[in-house]
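Turn these sequences into a full structure, and let the hints guide you.
Position in the sequence shown (first residue = 1) + 147 = our numbering.
Think of the hints as simulated: they come from the structure by calculation, not from any bench. Careful: at least some of the hints might be erroneous.
What the hints assert, rightly or not - Lysine to any residue pairs mimicking SDA-like chemistry, simulated, CA-CA at most 25 angstroms apart:
no., residue 1, residue 2
1, K416, V437
2, K279, Q228
3, K279, A309
4, K425, I383
5, K234, R190
6, K307, E327
7, K449, K465
8, K449, V437
9, K305, K340
10, K447, A349
11, K234, S183
12, K340, E327
13, K435, E406
14, K473, Y463
15, K185, V165
16, K305, Q315
17, K278, Q315
18, K402, A349
19, K471, K289
20, K289, E327
21, K402, R413
22, K307, P375
23, K245, L467
24, K471, L373
25, K393, A349
26, K307, S246
27, K305, I254
28, K245, E406
29, K245, K473
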Amino acid sequence: YQENMYPRMQIEEEGYYVKPMNCPFHVEIYKSRQRSYKELPIRLAELGTVYRYERSGTLHGLMRVRGFTQDDAHIICREDQVEEEIKNVLNLALDTLKSYGFDEFEIYLSTRPEKSVGDDRMWEIATESLKKAIESTGLDYKVDEGGGAFYGPKIDVKIKDAIGRMWQCSTIQFDFNLPERFDMYYIGEDNQKHRPYMIHRAIFGSIERFIGVLIEHYAGFLPVWLSPVQVKIIPIADKHLEFANKVKDLLSENKVRVELDDRSERMNKKIRDAELQKIPFMLVIGDKEVETNSVAVRKKGKQGTEIMSVDSFVDYIKSLIKEKKKEI
148 YQENMYPRMQ
158 IEEEGYYVKP
168 MNCPFHVEIY
178 KSRQRSYKEL
188 PIRLAELGTV
198 YRYERSGTLH
208 GLMRVRGFTQ
218 DDAHIICRED
228 QVEEEIKNVL
238 NLALDTLKSY
248 GFDEFEIYLS
258 TRPEKSVGDD
268 RMWEIATESL
278 KKAIESTGLD
288 YKVDEGGGAF
298 YGPKIDVKIK
308 DAIGRMWQCS
318 TIQFDFNLPE
328 RFDMYYIGED
338 NQKHRPYMIH
348 RAIFGSIERF
358 IGVLIEHYAG
368 FLPVWLSPVQ
378 VKIIPIADKH
388 LEFANKVKDL
398 LSENKVRVEL
408 DDRSERMNKK
418 IRDAELQKIP
428 FMLVIGDKEV
438 ETNSVAVRKK
448 GKQGTEIMSV
458 DSFVDYIKSL
468 IKEKKKEI
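Here it is, written out as structure tokens:
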């Protein structure tokens, strides 16, 4: 892996590297004490920043970077637990991606290459468990014969964005190399040492890349539950600020991400700025709204407003957020 790593740094006679992967550290946690078969499966997860030397010509916005955050997890389990663990991880991956609005997938099963580590039986068990997990979803998949890593077979999930591009996302990867290299074992029911199975998994792959894909997929108009600011309150004049602040406090108490635009600007400019920020809801407040305890609701991408009572709007936006609705 040396060609993908940054060079060694020397600090006060100690050698340091910036880490290109999280795996060895999770192995060390596992090995910090002796493990029993009763403890397995052990699942270790980390949102860890890793650094890989990518050639400058391959770098591209958030999609291909040299430092990124990986939603890494490693599952260390017994042979009899492998199939259930793989099914659970694949279902987690698909459910998570669907919740972000992606419902078109390409799934690949990559099998044993010519040069590999691990015995035939382990490869057969691992490959079969991956195959069964995919088939249990009812989704079509493609087999990439010999396309697995030298250390184990894998599942790759690609997602399709709004303009039809496919992006590599989730990976579920067996590893027969690290358990051998690091001499990982557990004490079995027979009181003997046994080699565990190790599964790498990442749901998003790179958090930065996934954010980039999300922004392009929705052209910046993120669903309400994902929007950094969900509501912008726009008082028409200073005399409406007191009521506007009460509305803001009520929304904040209900876990809605809200901002109050109290700048000395014209209302049309405030609305235009909120539209450019692609904020899902603007609440315009004037004399009528103060008198009737209501708000004039303007939805992203739509002209005109709808009058709603403050409580009705709070209930409405809470339901959109809870149900992760794409449209409003």
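*Is K245 within 25 angstroms of E406, Cα to Cα?*
29 angstroms, violated
*Taking 25 angstroms as the top limit, are the C-alpha atoms of K278 and Q315 close enough?*
It holds: about 19 angstroms lies between the C-alpha atoms, which stays within 25 angstroms.
*asked:* Next pair to validate is K279 with A309; report whether the Cα-Cα distance is within 25 angstroms.
replied: Violated - the C-alpha atoms of A309 and K279 are around 30 angstroms apart, more than 25 angstroms.
*Straight-line alpha-carbon gap K449 to V437, limit 25 angstroms*: Within the cut-off at roughly 23 angstroms; holds.
*25 angstroms limit on alpha-carbon distance, applied to hinted pair K307 and S246*: Answer holds: K307 to S246 is near 14 angstroms, not above 25 angstroms.
*Decide if the proposed pair is consistent with the structure: K447 and A349, CA atoms, cutoff 25 angstroms inclusive.*
33 angstroms, violated
*Does E406 lie within 25 angstroms of K435 when you go C-alpha to C-alpha?*
Holds, because 21 angstroms separates the two Cα atoms, which is no more than 25 angstroms.
*Keeping to a limit of 25 angstroms between CA atoms, is the pair of K416 and V437 held or broken?*
22 angstroms, holds
_Hinted pair, alpha-carbon criterion (25 angstroms max): K449, K465. Please report holds or violated._
Judged against 25 angstroms, a Cα distance of about 20 angstroms means the pair holds.
*Quick one, are K305 and Q315 close enough, alpha carbons at most 25 angstroms?*
Holds - the C-alpha atoms of Q315 and K305 are around 4 angstroms apart, at most 25 angstroms.
_Restraint check for K471 with L373, where alpha carbons must lie at most 25 angstroms apart_ = Holds, at about 8 angstroms.
*Within 25 angstroms, alpha carbon to alpha carbon, are K402 and R413?*
Distance ~29 angstroms between K402 and R413 Cα, so the pair is violated.
Of the numbered hints listed earlier, those contradicted by the structure are 3, 6, 9, 10, 15, 18, 19, 20, 21, 25, 28.
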